[in-house]
Amino acid sequence: MSDLIHISIGAAGATALLGYAVVFFALVLLLGVVSLMGLFTAPKKPAEKAVGGIPAPERSAPVLVTENLAPLAPGTAGEVKLYDTDPRTAAMLMAIVADELQTPLNELRFISIREIKEEDQ
Amino acid sequence: MNITGVLLKLASQSGFAAFFLTEGGWKNLIMIAIAFVLLYLGIVKKFEPLLLCGIAFGCLLSNLSYFIGMGENAMYHPELWTEFLDAASPYYHSYGHILSNAGLLDFFYIGVKAGIYPSLIFLGVGAMTDFGPLLANPKSLLLGAAAQLGVFIAFFGAVLLGFTGPEAASIGIIGGADGPTAIFLTTKLAPHLLGPIAIAAYSYMALIPLIQPPIMKAMTTEKMRQVKMVQAREVTKTEKILFPVVVATFVILLLPSTAPLIGCLMLGNLFRECGVTDRLSDTAQNALMNIVTIFLATSVGATMVAQNFLSWDTIKIIFLGLVAFGISTAGGLLGGIVMYKTSGGRINPLIGSAGVSAVPMAARVSQDVGRKYNKNNYLLMHAMGPNVAGVIGSAVAAGFLLAVFGG
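So the sequence lines, in the order shown, correspond to chains A and B.
Using my numbering, the letters of the first sequence map in sequence onto residues 29 to 149.
Using my numbering, the letters of the second sequence map in sequence onto residues 64 to 470.
With the rest of the complex left out, here is chain B (with noise of 0.2 Å):
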């Protein structure tokens, strides 16, 4: 045996070597520096860690395991994912060549890519969502509406930096503030941009409290931040169980695309609301939630290969992310401003921030917030209905763009 030979074999082939021996390997340490960050994030600073240090492991690992024309290791294998989109390619939408080829991080993208985790995701928040204080006042379905001004501005500011409709479309999703729907449509629309677009939501997500109480302290007098609004009317538990039952039925019906996720965050409120399926609600909630989020977070994460995520287009999604974000705060302040001047100052505007779903970090900022102002004004029961009404807009949005963009 020649022991030099198999010691000079395992250095050739190890991942030190790879850094420096393989096209664009030197880009995978950059990978990892911004892995080891976003784990610094999630952890230390704990901005979304149940998700950001999946994704940020995910990451790690690929980029620790794939460098080009190395890949009989590799966790992720991008290449057969760009033969799989690619219509011209012998394995176009073959996953017979998936399986038989994948790393480990292949087959859980599998689940992301067949829009399986973002919708048992959308099961997982309607069974732990109360829709009551949106039944108690119906009217913040209008700020859950108004607060998706993001979107389109995001999107047509996509168009003019270059990218394209279905692009634009995905990257526009992110001013929805819901990480699900945004992968749900990305992987749909623009997967090879899945990792920039997840990063840049969940991180404008967790960065909620530093970006919305600038806009709302701007786009607000101190008098409306002070309104103090009346008690909600009691909700019956005929109302909540109707609810997702004709929210599914109405919402579907007129835009059959919104179907997976509607529907799944319908079913799962049945599953907390009807009474008779607590083991149910409860595995979604938590289990089935916990699984899933597992799953999806690595699998995203993966995706965020050197040769993918190291461009241009990562920054001005990045950019457009945080555009997106604040625009659809404006949106929903100033569907509540309507609201303050219509209803004669009774309702306090700073609820409509809370449109942009992220639940329930926004509807906390808008209780912060006020009590700055009013430190008896107790604004979270009311703030929750436009919160949850953005979660139903933001589906609604992608189901539109998805519609329109997904041939």
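Chain A with its partners taken away, still in its complex shape (with noise of 0.2 Å):
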């Protein structure tokens, strides 16, 4: 114990080596654990596919499934949800982000627009 307490120096290097990699012995270890998980668990990739000639949406986007889907305009990223917001405040709102960040709105993806209450907050 008086060892440790008066550690020398070249313990001391040891003792950093030896810490230093049981995290990431114990963060690898980690990894594996979750990367094994998410195997089981994780979302199954949807099947891509063409609507109208327009590609589909990238993978990790949620997909908006409707029974009557109609072609999309050429350019488009599909539909984005409106919660609690009417579509003149919506588009008002995706202009102001598209020329805030100085990028065309045809290359922008709106997934969901929703007005936040003060309750919400």
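These aren't lab readings, by the way, just hints derived from the structure by calculation.
Simulated pairs of lysine-lysine, DSS-like, Cα-Cα distance not exceeding 30 Å: (1) Lys-109(A) to Lys-438(B); (2) Lys-291(B) to Lys-435(B); (3) Lys-109(B) to Lys-176(B); (4) Lys-90(B) to Lys-72(B); (5) Lys-286(B) to Lys-438(B); (6) Lys-109(A) to Lys-303(B); (7) Lys-291(B) to Lys-109(A); (8) Lys-280(B) to Lys-438(B); (9) Lys-404(B) to Lys-291(B); (10) Lys-404(B) to Lys-438(B); (11) Lys-379(B) to Lys-109(B); (12) Lys-300(B) to Lys-109(A).
Mind assembling these two chains? They're in different frames, but the hints should get you there.
This is the structure we're talking about:
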């Protein structure tokens, strides 16, 4: 115990190396476990389909499923879900975001727009 | 009634007289000035104000009320805690002796000494943390590990500067950039250094936006900083519920000394994610977190009595803390650069610096620096993965040091 209190420089170096290795070992082990868990519980990738010649959305994006899927306008990325927001306000918000980012609107992808009420905060 | 005598007695018992009549009383004046500076930094500069205001006021209260030889009105009694830790003292580990002689801040400090407050803070942190980004990209865990480099380099540096092993371990953990973990480990290994270590940890955490960007720029090329990362995959509710259970099981079995921190962190996260304990999650995130923060901050500040704080060791700790933060940032960036190379340039190495914990400040710095070089780049959610991995990594590092030096 006294050796550890008045630790030598060599022992301190060895402890530091061992400690860093233990941290890596623990987190690599955790990486393995989490990855394994992901294999069983991660969502299945949706089948990609082209609708009306328009490429399907990115894999990671949520897919909006409707009964009668109308062909989308060229350049669009899909439909945006609106919660407690009227289309006019949504259009203005999307335009403001596009202007702020200096990126054409058809290169942006809006998934949903929701009005945050005071009690939600 | 002798009015003159009463007035003289009041005057001689006052703190004003004690500054000049007691041994080292003038040092209290310096500590009071330091408390004012910390209050200024917390209130005006907004450096971790929730903690720094409490720490500064705790420091102010203990240095206004405690003078050597005049301890009867003190709110915090360092000599009680010295006896508590002295194996040769009849009051060794005697909470009864503490309770019968304690001032208000001594009572608060019992929660620090017993490791209760840091663990409860971790419960709140767990309830506030979304581990989704980490689950979407589990490789982030490697960045959380890489960013613990500063912990062990600072530990080694502290030994070189003459600190004992337990003291050096407590100083090194500043590099984990996690206040509760630093406090937890220091109260176990080197409680006499708690004040300077807590101040260094929280001050540097507040200064992360100033400390990290120059290191990030020095270690990465402009091309690396401009890398846009692809959107991470969705994470299911099942994964989020299983995660705290799995992490607690594996990490605690591997390193039992991490149980209080990892156990509480993951319990809080389970409250958040399981969907049937919303009330508990809300309490852990808000009411409990706020109450514990008040007790933790004031009692840590109270340990900054002049006799303990004003020493060369404090200056060394402040210096080593800065080294630890800088090297941990560099370690995380190195990990990021390795991942950039091995992924064929698909991972932005700037997210590596977020592995130093300090949630969410370090992730925000990655986002800000990334956007400076590519204004359409949004690294925040990618950086949150290493950021929360850093919380786990620093708890594991603390667990290792406690296992080695905890006796």
